[in-house]
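Student: Next come the chains, spelled out residue by residue.
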Amino acid sequence: MIKEIREPLIFELGAPGKKADILPALDVPEKKDLLRGVALRGDIDGFPEVSEPEVARHFTRLSQKNYCVDLGLYPLGSCTMKYNPKVNERLSGLPGLAGSHPNAPEELVQGNLEILRRLETSLCEIAGMDAFTLQPAAGAHGELTGMMIIRAALADRGDPRKYVLIPDSAHGTNPSSAHICGYAVKEIKSNEDGMIDLASLEQEMTGEVAALMVTNPNTLGVFESDICRVAEIVHAKGGLVYMDGANMNALTGIVRPGDMGVDVMHINLHKTFSTPHGGGGPGSGPVGVKKALAAYLPAPVVVENGGRFALDHDRPKSIGRVRSFNGNFSIIIRALCYIMSLGPKGVREIAEYAVLNANYIRKRLEGVYHLKYGAASMHECVFSDKFQKDFGVTNLDIAKRLIDYGVHPPTMSFPLIVHGALMIEPTETESKRDLDHFVEAMLTIAREAKENPDLLKSAPHVTYVRRLDEVAAAKTPILKWEKKN
Amino acid sequence: MSYLSLSDQDKKEMLAAVGIRSTEELFGCVPKTVRLKKDLDLPAPLAEMDLVRAVEEMAGRNACSHYLSFLGGGAYDHFIPAVVDSLSSRAEFVSPYTPYQPEVSQGTLQIIFEFQTLVCQLTGLDIANDSLYEGATGAAEAVLMAHRLTNRPKVLVARTLHPQYREVIRTYIKNLGVEAIDVPYGQDGRVDPAALAALLDDPVGGVVFQSPNYFGVIEDVKALSEAAHGRKALSVAVTAEALSLGLLEAPGKLGADIVTGEGQSFGLPLSFGGAYLGFMACRKEYVRQLPGRITGQTTDVEGRRGYVLTLATREQHIRREKATSNICSNEALCALRATIFLESLGKDGLRQMAWQNAQKAAYALDVLTAVPGVRRKFAGPVFNEFVLEFPKPWTKLDAALRDKGILGGLGLEGAFDGLKNCALVSVTELKRKEDIDRLARTLKEALS
Chain V
1 MIKEIREPLI
11 FELGAPGKKA
21 DILPALDVPE
31 KKDLLRGVAL
41 RGDIDGFPEV
51 SEPEVARHFT
61 RLSQKNYCVD
71 LGLYPLGSCT
81 MKYNPKVNER
91 LSGLPGLAGS
101 HPNAPEELVQ
111 GNLEILRRLE
121 TSLCEIAGMD
131 AFTLQPAAGA
141 HGELTGMMII
151 RAALADRGDP
161 RKYVLIPDSA
171 HGTNPSSAHI
181 CGYAVKEIKS
191 NEDGMIDLAS
201 LEQEMTGEVA
211 ALMVTNPNTL
221 GVFESDICRV
231 AEIVHAKGGL
241 VYMDGANMNA
251 LTGIVRPGDM
261 GVDVMHINLH
271 KTFSTPHGGG
281 GPGSGPVGVK
291 KALAAYLPAP
301 VVVENGGRFA
311 LDHDRPKSIG
321 RVRSFNGNFS
331 IIIRALCYIM
341 SLGPKGVREI
351 AEYAVLNANY
361 IRKRLEGVYH
371 LKYGAASMHE
381 CVFSDKFQKD
391 FGVTNLDIAK
401 RLIDYGVHPP
411 TMSFPLIVHG
421 ALMIEPTETE
431 SKRDLDHFVE
441 AMLTIAREAK
451 ENPDLLKSAP
461 HVTYVRRLDE
471 VAAAKTPILK
481 WEKKN
Chain U
1001 MSYLSLSDQD
1011 KKEMLAAVGI
1021 RSTEELFGCV
1031 PKTVRLKKDL
1041 DLPAPLAEMD
1051 LVRAVEEMAG
1061 RNACSHYLSF
1071 LGGGAYDHFI
1081 PAVVDSLSSR
1091 AEFVSPYTPY
1101 QPEVSQGTLQ
1111 IIFEFQTLVC
1121 QLTGLDIAND
1131 SLYEGATGAA
1141 EAVLMAHRLT
1151 NRPKVLVART
1161 LHPQYREVIR
1171 TYIKNLGVEA
1181 IDVPYGQDGR
1191 VDPAALAALL
1201 DDPVGGVVFQ
1211 SPNYFGVIED
1221 VKALSEAAHG
1231 RKALSVAVTA
1241 EALSLGLLEA
1251 PGKLGADIVT
1261 GEGQSFGLPL
1271 SFGGAYLGFM
1281 ACRKEYVRQL
1291 PGRITGQTTD
1301 VEGRRGYVLT
1311 LATREQHIRR
1321 EKATSNICSN
1331 EALCALRATI
1341 FLESLGKDGL
1351 RQMAWQNAQK
1361 AAYALDVLTA
1371 VPGVRRKFAG
1381 PVFNEFVLEF
1391 PKPWTKLDAA
1401 LRDKGILGGL
1411 GLEGAFDGLK
1421 NCALVSVTEL
1431 KRKEDIDRLA
1441 RTLKEALS
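Listed in order, the protein sequences are those of chains V and U.
Under our numbering, the first residue of the first sequence is numbered 1, with each subsequent residue one higher.
Under our numbering, the first residue of the second sequence is numbered 1001, with each subsequent residue one higher.
Read the hints as simulated data drawn from the structure, not as lab findings.
Some hints could be false.
What the hints assert, rightly or not - Straight-line Cα separation of at most 27 Å, DSS-like style, residue types lysine-lysine; simulated pairs:
| no. | chain 1 | residue 1 | chain 2 | residue 2 |
| --- | --- | --- | --- | --- |
| 1 | U | K1037 | V | K290 |
| 2 | V | K186 | V | K162 |
| 3 | U | K1322 | V | K189 |
| 4 | U | K1038 | V | K162 |
Note that this is a predicted model, so its numbers are computed, not measured.
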């Protein structure tokens, strides 16, 4: 048998002297003794030395070891893995945009400032908020920014307060962001429908609580139907409502957070507005606020005056910068393009089709997989492995077997209130054919779990590598290539 | 334009399967009182061709691309080989998410492992993470990390650190009881050693400095690290111009404990400031306090080498409020571009590019300071940018240069006291000798 080719590390590929010819000869007189007296480096031991064809093959081969949205359904719950339009990739790379320097004078980057302003305005309309900042580079960065705004506003009133309330279903970034903002976290229990328990909220919501961080729809894909009452309870004690907009995909054009009592929120442009996930970023996490909080937004903010755009740095109450320059601009362009393509009807269809697709999957899998919370699903549904556990099969085994059927597994790491979770989010861009393929694969796996559980426990079978030893990786960390002597 | 994939027939069948008549019924859980009763007030949808036109028009309103630019100050105009754009735009890299399922993410994971190795090689440190948002938040994360490691409430931050990085540090620490104290610079544009020594009398968690610093001046990393270590503080080296690592000694080898910075110079377009690439490396004893994702090598059930995300017990999805950082998604695709860039340039190409930057900046310094009245502000050694002092206000000169199609530099007057009539001039490998000569000639005319 011919031995399968394993792609080596680039460091194992090269040979001394190999290189790509990229630079012309130096065209100014060379000073051989330049920087004499400064510590300069010698040869970087082990640094790559390869030809361009080798680089091209290395990365092309590695690319083929990845699953991606362009290959098929990627129902990673909470991550909103929808199709990323190709035209948006092209437009974000236009030389006039990609080549513009962030320190260029404002009058020479009017196009960029207009893009920022137009996206802010669109997000305000979609979310029902009064002002947005585009500085935060990711959702978690937005959470941190939003909580800083809340803290600054409360401090201005005289007391930043001590606690932040977070439902037990929340994503891990929520408590972490609140903590970095100097708050202690108190957990709010979910009720039997998976929603915030109003009685526990009323009990915990005291004058020492700065804010409630709520994800809506929450991480179970359940809309917090009592959201207006929730906001009333928080506001009555002088607190503010922060909404994690990670699941905004379910709401666009249907209902606006700003209309249901939310004071501050972030939106993940890489989720709801289709910018590519890039294997883990770059994302973008704009933060929107109500008028009373606008003064606290990170500086600078874009202002428009008679068709001319400018950056206003004179913001005495601002929390300050949370990032250099103007946010993840190349991502901001893509999100604006998406909104410009879709228009009002298309933006509403994001939510309609995302929720329809999720409910279709839910209906077809209900009964075969366990659904801990029966409340209506929005854009995602959270099953568990409870029925399959009887055969010794866990959510991990189900996930790995899905890979054999050519589908990316759902999210399993949270919500923590569902043990053995399978959080499935199809998004709106999927075809019925791909949804059906996923459903059929899940149904087949449920049968296999009964009849041949070992098939699941040893999955995946068809991948470049099979199950990897994650325990060994953490116990004896090898975190870089090292030259063998 | 629409990206939906259901036909009317599909939709009908699916509604029937769900047991409803219209999508309206799916939103019954949303209280009627708050439901939107009208269409969103957004512009009408655009077909692809119209979208392209509309965005091209906005791009056309950025006149800056028609100028010969010597702007730097944290974002640098470097050559990007075609191989970077071509390979990094593959859908298999662009459209997946975080490699939570390693069996179907070995491409991303192996590349990140290579990226971590490259960052270690460049910084001279043991461990690197998968990336952070960008340079300024990287510096802020480094300050928080130094605070966690030493449990000391003060850090010293060089006045010559990029002003926006300093601002982000201040924003981050404000609510955590950590205090950042400015360290002034001396006549040569570097951290003032006497002032630093005096400030080190109080216990501090770390000394944070940038090299080459905001003025382009190369700091004495060894001396600063020794001063920090003398008081059991950590040495935190920041760089906003990662290309300098191709020429200057690795900060880790000169004593830095944490090295962080901006990797935009490695194959990322200027793009008005983002998306960029934060990177961070540290000594191995500090790995448990390192923020962000980390990729490690392991084996599969058949003994084959593979890669996984590891040491996740530092992170928010496990540790929640006790995590080392709240960071979740990072800048993986930017790290991928940097990896392609560095591997294409290779050992020799990276050094050549860095050397050409230093040579061209040196040439520019010579010809610009030969213009009567123009003075080099700081005597300290520079990499690819430097501060010049002019006999006239910079705003006037800047306007005169712009009239001739040149962006000659970044004025410093507002950001720093004592830098009246000064500007920061950046010269990369992309500037030809005739470009530099043109700047000098135009400057001379403007001053005469």
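Student: Take the hints in turn and mark each one as holding or not.
Tutor: Going down the list of hints, with the structure as the test:
1. For the hint pairing U:K1037 with V:K290, the CA-to-CA distance comes to about 21 Å; that is within 27 Å, so the pair holds.
2. In summary, the hint linking V:K186 to V:K162 is supported, as the alpha carbons are separated by about 10 Å, within the 27 Å threshold.
3. Restraint check for U:K1322 and V:K189: satisfied, since their Cα atoms lie roughly 20 Å apart, inside the 27 Å limit.
4. Under the criterion of a C-alpha separation no larger than 27 Å, the hint pairing U:K1038 with V:K162 is inconsistent with the structure, at around 40 Å.
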